[in-house]
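With the sequences and hints as input, model every part of the structure.
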Amino acid sequence: MPLTALKKGQQAVIQYIDDETVNAVLNEMGFLPLQVIILENIAPLGDPLVINNRDYSLSIRKSEAQHIFVTLIQ
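For the sequence shown, the residue numbers in my numbering are 3 to 76.
Bear in mind the hints are in silico, worked out from the structure with no lab data behind them. Incorrect hints may appear among the rest.
[To be verified] Taking lysine to aspartate or glutamate and the EDC-like style, the derived pairs with C-alpha atoms no more than 20 Å apart in a straight line are:
| # | residue 1 | residue 2 |
| --- | --- | --- |
| 1 | K10 | E66 |
| 2 | K9 | D49 |
| 3 | K64 | E22 |
| 4 | K9 | E66 |
| 5 | K64 | D21 |
| 6 | K9 | E42 |
| 7 | K64 | D20 |
| 8 | K10 | D49 |
| 9 | K10 | E30 |
Structure representation (structure tokens):
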């Protein structure tokens, strides 16, 4: 499922990123496949989204988040 399908507060594992540019930028920032993330917040109009790994939070555009595929942690 794409990251954009998560609801605020849900945890997920990054499976893959299907856009090379988004993948390169997120990899440099420490967001890697098989890493657990939390969708911390969604702006009132749905863009941007705030995701958190264990180290820090990052705001990303919805257009970028659509390229990040995750598995929900129940």
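Hints versus structure:
no.	hint	result
1	K10 / E66	holds, 17 Å
2	K9 / D49	holds, 13 Å
3	K64 / E22	holds, 16 Å
4	K9 / E66	holds, 16 Å
5	K64 / D21	holds, 13 Å
6	K9 / E42	holds, 9 Å
7	K64 / D20	holds, 14 Å
8	K10 / D49	holds, 13 Å
9	K10 / E30	violated, 25 Å
Checked against the numbered hints above, the structure violates only hint 9.
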